[in-house]
Amino acid sequence: MIISMKILNKLSFKFKLISIILIVNIVISSLTMMLLHNKIKKTIIQKIGLRTNTIVNIISTSAKIEDIYLLFSNDKKQITQYLERYSKEILNEPEIEYVAFYGKNEEALSLVGSLPDKKFNFESDDINNLNNSTYNVSKDIFSEEGNIIGHIMVGFSIQNIDSALKENANISFKLLIFSFLIISLIIYVVLTYFLKPLQLLYQASTNVVNKNFDCYVPVSSNDEIGKISEQFNIMVKELKSFYSGLEKKVKAATSELHVSNKELQEQTIKLMKINLQLKEMDEKKSEFVSVVAHDLRTPLTSILGFAETIMKTELKLTEEQKSKYLIIIQQESRRLGRLISDFLDLSKIEEGRIHLKFKKVNFNELVERTVETFRINNNKNINFVIETDSNIAEINLDPDRISQVLQNILSNAMKYSPSNSAINILLKQYYNFVKISVSDFGMGIPNEEKEKVFQKFYRIDNDISRKERGSGLGLTISKAIIELHCGRIWVEDNIPNGSVFIFTLPIRNFDEYKI
Amino acid sequence: MNEKILIIDDEENIVQLLSLNLMCEAYNIDVAYDGEEGLQKVETFMPNLIILDIRLPKITGWEVCQKIKENPKYKVISVVILTASAQRTDRDKAFSLGADEFLSKPFEIKFIVDRIKAILEKKSKNL
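Residue numbers (this note's numbering), protein chains in the order written: chain D, 8 to 522; chain L, 1128 to 1254.
This is chain D alone, in the form it adopts within the complex (with noise of 0.2 Å):
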């Protein structure tokens, strides 16, 4: 079953097409031809049977038998002769093969002719199961008065209809053939003319396959097969577009994936740089908590240890060494506050959350204010000196900070300065800012570290500024402060010797100025 199967599937088409019309038509015709030659042969052997009884009562009426009775008057010798050159004269005629007479007893009376072999029996063969080649033919002879007087048999040869028959179904097989080689023929090359449109589907279909999309298959019917051809067509349109749409889009979907790749690239690069200076922050900070811890220990230790050493009675103080240590504690605890204060300043600029309070101040004032309080404190006897611009104006800054500042500075020049100097303060107006410059006659600031020293926790490390250290960050809050002011500060060498530093501040609208 299988096997058939697949021999089936292997056959062409046109080879199925014919084979299933050539079966079909000799299925049909085969019948109908088996059909048609029985029933020939039938109505023929019909009539055949017809005829030949006609034929034997003629025979037999023109025998006249009764009367040659009467004639030779019952001679039997005389009436058989008679019977039988009478037969013989029938026996000219071919079809008839023998004539045979019997007398009312069933005697024989004449037999002329090639006669059967077996026995008689006085009925006709039957018509219709007619298997040898010579017909029976029997009747009864009848007298005037419808007596039997005697019977005749006579034996017709069919041979001749039976082989004309058997001819016939022959040449009507072969034409059969013949026509169905023809049809076969015709059926073949109609139908390659036909499928050709098939074929061209077919190569175009290998076209398309091979990415080639520009085979269209010509349609010229109108028909199931112009009908497949047209739609292919509009599907090899359909799939030539969406295909060069595709490779397009493919093309830019890869190039966008470049470029985004690209683009990651960067981010990830930009990101590790980003994390590497995270990381040297975070590093700073703790840097920067450890220091401010050590720091902020420093003047506690003097407090605490002071406090202890004053009321350890067993040392036996004097109650000058008292005061000395009290004044300490004192000194200790201001620098301690002091301290603390730059620490949360410079916290606050690094987070930049320094909140300037901006007022129109005159900046003369601010400096004469600022530089009396240090004229109070001067243990150093050191001669401050302000030269001024008396029209300089009025200024938009915020005065805690700016006094701040200036602070810092004098407090910076003092601290450099040897005891009964000068400290020179100038201040000055050009076109649209102000100018301070606070000179000292210090031991200077070497070149390579006049920035240096706006760094956080950066101190010159000497003798001098031993005893009263600040946090390092005077200058660096300092800086901070005036940059914030969109001003300049700096530092330069002082003549002779000593360090003259210097800050701007813009004159400006109060609304130019929210910050």
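Wrong hints could be hidden among the right ones.
To be verified - Think about it this way: if two alpha-carbon atoms lie no more than 27 Å apart in a straight line, the pair counts; the simulated BS3-like pairs of lysine-lysine are:
| no. | chain 1 | residue 1 | chain 2 | residue 2 |
| --- | --- | --- | --- | --- |
| 1 | D | K422 | L | K1202 |
| 2 | D | K329 | L | K1202 |
| 3 | L | K1202 | L | K1250 |
Unchecked claim - Pair ranges (Cβ atoms, derived):
| no. | chain 1 | residue 1 | chain 2 | residue 2 | range |
| --- | --- | --- | --- | --- | --- |
| 4 | L | N1198 | D | L333 | 37 to 45 Å |
| 5 | D | E456 | L | T1171 | 27 to 35 Å |
| 6 | L | Q1214 | D | L351 | 20 to 28 Å |
| 7 | D | Q462 | L | E1170 | 32 to 40 Å |
| 8 | D | E394 | L | A1153 | 52 to 60 Å |
No lab work stands behind these hints: they were computed from the structure. All C-beta atoms in this analysis are idealised placements derived from N, C-alpha and C, irrespective of residue type, glycine included.
Using the hints provided, position chain L relative to the given structure of chain D.
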């Protein structure tokens, strides 16, 4: 015999505080305000014990400690590190450099004095 203590710290107040409280325990005190000066005084003063701060100008306390402990001549000197930065790592570093004690600021005077007394007594017993 009065034992000698060298105090090396750049904070004048601290130095004053320590020397004051140790002198009345009958120790001989000398001071230095930076690492270099400190090393010089070790040579000249030959103390039994050094109180050493870390935050010093010129050379750090760590260097001073290392130099003292490396020198076989100073083997008998006890080194007490006294610092305001009391981080764990500093403690470990101190002992890895051979310091005999690690104390932190701020401190109780009594505590410091007792510790120093204990170290010197132990040293003198061992000798």
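Results for each hint:
| no. | hint | verdict |
| --- | --- | --- |
| 1 | D/K422 to L/K1202 | 41 Å, violated |
| 2 | D/K329 to L/K1202 | 39 Å, violated |
| 3 | L/K1202 to L/K1250 | 11 Å, holds |
| 4 | L/N1198 to D/L333: 37 to 45 Å | 42 Å, holds |
| 5 | D/E456 to L/T1171: 27 to 35 Å | 33 Å, holds |
| 6 | L/Q1214 to D/L351: 20 to 28 Å | 23 Å, holds |
| 7 | D/Q462 to L/E1170: 32 to 40 Å | 36 Å, holds |
| 8 | D/E394 to L/A1153: 52 to 60 Å | 58 Å, holds |
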